[in-house]
Amino acid sequence: MKLALRHVFVLVVCAFAVFPILFVISAAINPLGTLASTDLLPTQVSLGNFGDLFASDVYPFGRWFLNSVAIALLSSFASLLLSMCAAYAFSRMRFAGRRAGLLALLLIQMFPQFLAIVTIFMIFTRVTELYPAFGFDTVWGLMLLYLGGALGVNTWLMKGFLDTVPKELDEAATVDGATHAQIFWRIIMPLVTPILAVTSLLAFIGIMSEFLMASVFLRDPESKTLAVGMYGMIAGDQRNANFGMFAAGTLLTAIPTVGVFLWLQKYIVSGLTAGAVKG
Amino acid sequence: MAPDARETARRGPRRTVTTAFVVSRIAVLAVAAAFLLYAAPPLAAAGSWTGLGVLGAATAVIGYLYLTPRHIPAKYLVPGTVFLIAFQIFPVLYTVSTAFTNFGDGHRGDKQAAVTAIETGSVRQAPGSPEYDLTVGLRGQELVFLLVDPDTEQVRLGTADSLSPLPGAQVGVTGKVLRAPGVTVLTTPQAAARGPEISALSVPTPDGAIKANGLSRAVEGKAALVYDAGCDCVRGDADTWTADDGQGYFVNAAGEHLAQGWQVDVGFDNFAQVLTNPTISGYFLGVFGWNTGFALASVGGTFALGMAVALALHHPRMRGTTVYRIALILPYAMPSFAMLLVWRDLFNRDFGLINQFFGLNVDWMGQPGTARLAVILVNLWLGFPYMFLVTTGALQAIPRELTEAASIDGATPWQGFRRVTLPLLLVALTPLLISSFAFNFNNFNAIALTSEGGPFPAENSQVGATDLLITYTFRLAFGTGGAQFGFAAAISVFIFAIVAVISAVAFRRTRRQEEVYA
Chain A
1 MKLALRHVFV
11 LVVCAFAVFP
21 ILFVISAAIN
31 PLGTLASTDL
41 LPTQVSLGNF
51 GDLFASDVYP
61 FGRWFLNSVA
71 IALLSSFASL
81 LLSMCAAYAF
91 SRMRFAGRRA
101 GLLALLLIQM
111 FPQFLAIVTI
121 FMIFTRVTEL
131 YPAFGFDTVW
141 GLMLLYLGGA
151 LGVNTWLMKG
161 FLDTVPKELD
171 EAATVDGATH
181 AQIFWRIIMP
191 LVTPILAVTS
201 LLAFIGIMSE
211 FLMASVFLRD
221 PESKTLAVGM
231 YGMIAGDQRN
241 ANFGMFAAGT
251 LLTAIPTVGV
261 FLWLQKYIVS
271 GLTAGAVKG
Chain B
1 MAPDARETAR
11 RGPRRTVTTA
21 FVVSRIAVLA
31 VAAAFLLYAA
41 PPLAAAGSWT
51 GLGVLGAATA
61 VIGYLYLTPR
71 HIPAKYLVPG
81 TVFLIAFQIF
91 PVLYTVSTAF
101 TNFGDGHRGD
111 KQAAVTAIET
121 GSVRQAPGSP
131 EYDLTVGLRG
141 QELVFLLVDP
151 DTEQVRLGTA
161 DSLSPLPGAQ
171 VGVTGKVLRA
181 PGVTVLTTPQ
191 AAARGPEISA
201 LSVPTPDGAI
211 KANGLSRAVE
221 GKAALVYDAG
231 CDCVRGDADT
241 WTADDGQGYF
251 VNAAGEHLAQ
261 GWQVDVGFDN
271 FAQVLTNPTI
281 SGYFLGVFGW
291 NTGFALASVG
301 GTFALGMAVA
311 LALHHPRMRG
321 TTVYRIALIL
331 PYAMPSFAML
341 LVWRDLFNRD
351 FGLINQFFGL
361 NVDWMGQPGT
371 ARLAVILVNL
381 WLGFPYMFLV
391 TTGALQAIPR
401 ELTEAASIDG
411 ATPWQGFRRV
421 TLPLLLVALT
431 PLLISSFAFN
441 FNNFNAIALT
451 SEGGPFPAEN
461 SQVGATDLLI
471 TYTFRLAFGT
481 GGAQFGFAAA
491 ISVFIFAIVA
501 VISAVAFRRT
511 RRQEEVYA
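So the protein sequences, as listed, match chains A and B.
Sequential numbering of the first sequence, starting at 1, is according to full-length UniProt numbering.
Sequential numbering of the second sequence, starting at 1, is according to full-length UniProt numbering.
Hints were generated in silico from the structure; no laboratory data involved.
Beta carbons: idealized from backbone N, C-alpha and C, even for Gly.
It cannot be assumed that every hint is accurate.
Unchecked claim - Computed list of lysine to any residue pairs in SDA-like fashion (alpha-carbon distance at most 20 Å, straight line):
no.: 1; chain 1: A; residue 1: Lys-2; chain 2: B; residue 2: Ala-308
no.: 2; chain 1: A; residue 1: Lys-2; chain 2: B; residue 2: Pro-316
no.: 3; chain 1: A; residue 1: Lys-167; chain 2: A; residue 2: Ser-91
As the list claims (entries may be wrong) - Heads up, incomplete: computed chain B residues facing chain A, CB under 10 Å, no partners named:
no.: 4; residue: Leu-346
no.: 5; residue: Trp-381
no.: 6; residue: Pro-385
no.: 7; residue: Phe-496
Using the sequences and the hints given, assemble the complete structure.
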């Protein structure tokens with residue numbers, strides 16, 4: 001009896017969790033492609049919205065997808081490498097300023113980068129004048145910006161993991177004549193690969209959804225990311241008419257992440273309890 | 001005591017020079033040199049000697065660091081630190097210094113730029129002033145005017161800086177220039193495509209400026225407003241505006257100012273305005289209150305729901321947990337920006353699913369109360385799977401014997417939860433709850449993509465009922481009401497301070513992290 005109650009409660013919450021997603025699927029396969037004509041359960045099935053999405057001249061969805069994936073892949077990879085290097089130094093070496101550095105990072109972690117968005121805009125106005133290749137409307141500039149937040153976010157997490165890897169391993173390697181670089185690349189990195197995978201997935205998802213800085217940064221249609229581009233797709237009076245296309249785009253964006261998410265589910269729980277917040 | 005890694009390395013066998021060692025040194029040098037070669041010329045061209053100095057010093061330090069066998073920790077710390085300083089620490093410091101200025105629309109440049117803008121902006125055609133035949137051309141990438149005097153047929157070259165004779169130009173019968181040395185003549189359609197640039201260009205002359213009138217004629221006009229360095233004022237239109245270096249404006253006797261001003265330090269004015277100006281401080285306190293409430297409701301709501309589901313599934317005879325878990329995780333895995341936009345439309349008054357489903361006709365985003373409820377609900381949907389996941393993990397770490405012992409001692413299930421499970425859960429999850437609070441306190445996306453801060457009261461389009469401090473700041477800086485960078489930066493500094501207080505409290509409450517220092 002009490003077990004039945006538990007099931008009922010969980011089912012209600014599941015319904016709450018799933019119904020917006022069901023609505024998106026229904027909108028994506030709705031042949032009329034408008035918000036007003038979409039119900040929770042699809043009445044007709046058509047892939048027209050997906051076709052429209054890729055054939056559209058106004059909305060270069062394929063381009064946005066590539067931009068987003070490229071930015072997210074490259075910056076999550078690079079930022080993890082940067083914070084991994086720093087974590088290695090903090091975990092394995094003793095040097096003047098170590099304690100101060102760790103404390104400073106903990107403090108910086110509390111200040112989200114986007115709070116300085118006003119001056120980031122001003123700084124990059126100047127950068128655009130000097131180096132157009134890294135200025136506004138470029139993927140590279142945005143990526144540099146994301147790398148700036150890298151050290152603050154992940155170093156502590158990584159250091160925590162490195163502290164659990166026994167020190168005896170690298171001491172043995174040192175005795176055998178390995179350099180610090182060899183220890184880092186050949187011994188430490190392979191040992192922490194699983195957690196690197198999870199953290200990079202979280203970083204990837206976070207960057208895919210980053211909207212604030214990208215919207216200030218990318219104004220040219222060709223350079224936009226999915227978040228900025230799709231926001232424009234249903235802005236203003238386009239809201240009703242383009243909803244089917246938007247929903248189709250949402251599903252396409254979700255497929256890779258949901259897939260990897262379900263695959264890494266077990267690790268994600270341990271990664272989250274170690275203190276990562278989805279951005 | 002563990003032996004110092006560096007000491008061990010020094011006492012250990014002598015390292016041989018490997019290929020990887022040589023290749024990595026060459027690579028570092030190459031990257032440093034390439035970086036210097038790429039970054040230096042634009043800085044030199046712009047005359048930014050400080051920038052050039054910083055760049056040179058940084059490259060030299062990096063080159064030295066990776067060639068010397070010493071300073072091993074720095075080799076690992078420098079790459080991340082460079083980005084950290086350039087794109088996080090520097091912007092934050094810059095924000096603090098901008099908060100003490102009036103930088104923004106009308107106060108972008110220095111005083112000289114403001115004077116030039118005022119004078120050229122006030123150019124009007126005086127009766128009987130000379131008219132020229134205009135041809136638009138390009139000198140390199142720069143837009144220039146080729147001006148032909150109809151009486152003398154003399155051709156002159158006008159740029160944004162100067163007006164000079166241009167010998168050797170060939171003029172057609174209509175007065176248009178056909179060919180000119182060093183200038184590419186634009187055809188009419190090409191020129192038409194650059195209409196805004198052409199009307200913005202004004203060529204200074206000794207007593208006024210030449211501006212385009214259409215695409216083929218240009219007229220010389222006189223500046224109605226003229227700056228007089230003697231009295232540090234602008235005269236003209238039968239009025240005098242005196243420079244006020246406190247405000248960065250030219251102000252007349254009636255207290256009115258010219259639209260164009262310049263950037264000045266205003267000290268604590270921006271901060272004082274937030275705290276003492278009755279209209280602004282009222283809004284600021286309102287936004288701050290709602291901001292705190294929103295973050296608390298988001299954390300509390302998501303934690304309560306996530307924990308409830310986790311507890312419901314945490315039963316030895318519960319079946320189907322895998323399926324339930326997948327369904328519950330889905331909101332976390334969907335792209336959040338897109339789902340926020342979908343939720344916005346679910347709450348749409350006319351064709352939103354919520355109204356349809358429950359047969360209501362509520363203008364959810366149109367009233368303060370319902371809009372706030374809606375954004376909290378949306379954030380609950382986005383956030384509870386995370387709490388569900390972490391509570392599940394934490395629950396599995398709590399031994400079942402504890403609750404069983406409590407029930408043998410006569411505790412009701414509620415008492416067992418309240419006195420045993422919850423305290424243990426909170427020990428494990430408090431750091432996460434605090435970081436979740438900090439995250440939601442600045443959750444820009446959750447508001448900007450759903451209610452966009454609205455609904456706005458009729459008398460003020462700057463502050464809406466669901467605005468967070470960060471969305472309010474964003475609107476001040478980039479919104480339609482004109483950019484107020486200085487004031488927006490001051491609000492950012494307030495957010496910094498609030499976040500710092502929150503983290504200080506968090507530090508005291510969770511001494512957990514202390515042990516990591518050992």
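Status of each hint after checking the structure:
1. For the proposed pair A/Lys-2 and B/Ala-308, the alpha carbon gap of about 15 Å is at most 20 Å, so the pair holds.
2. Proximity of A/Lys-2 to B/Pro-316 is assessed by CA-CA distance (about 13 Å); at most 20 Å being required, the pair is judged to hold.
3. A hinted pair counts as satisfied when its Cα atoms are at most 20 Å apart, and A/Lys-167 with A/Ser-91 qualifies at roughly 10 Å.
4. The beta carbon of B/Leu-346 comes within 6 Å of a beta carbon in chain A, closer than 10 Å, and the hint placing it at the interface holds.
5. For B/Trp-381, the interface hint holds, since its Cβ comes within 10 Å of a Cβ in chain A; the closest pair sits about 7 Å apart.
6. With a least beta-carbon distance of about 7 Å to chain A, the hint placing B/Pro-385 at the interface is held under the 10 Å criterion.
7. About 6 Å separates the beta-carbon of B/Phe-496 from the nearest beta-carbon of chain A, less than 10 Å, and the hint is met.
In this structure, none of the earlier numbered hints is contradicted; all agree with it.
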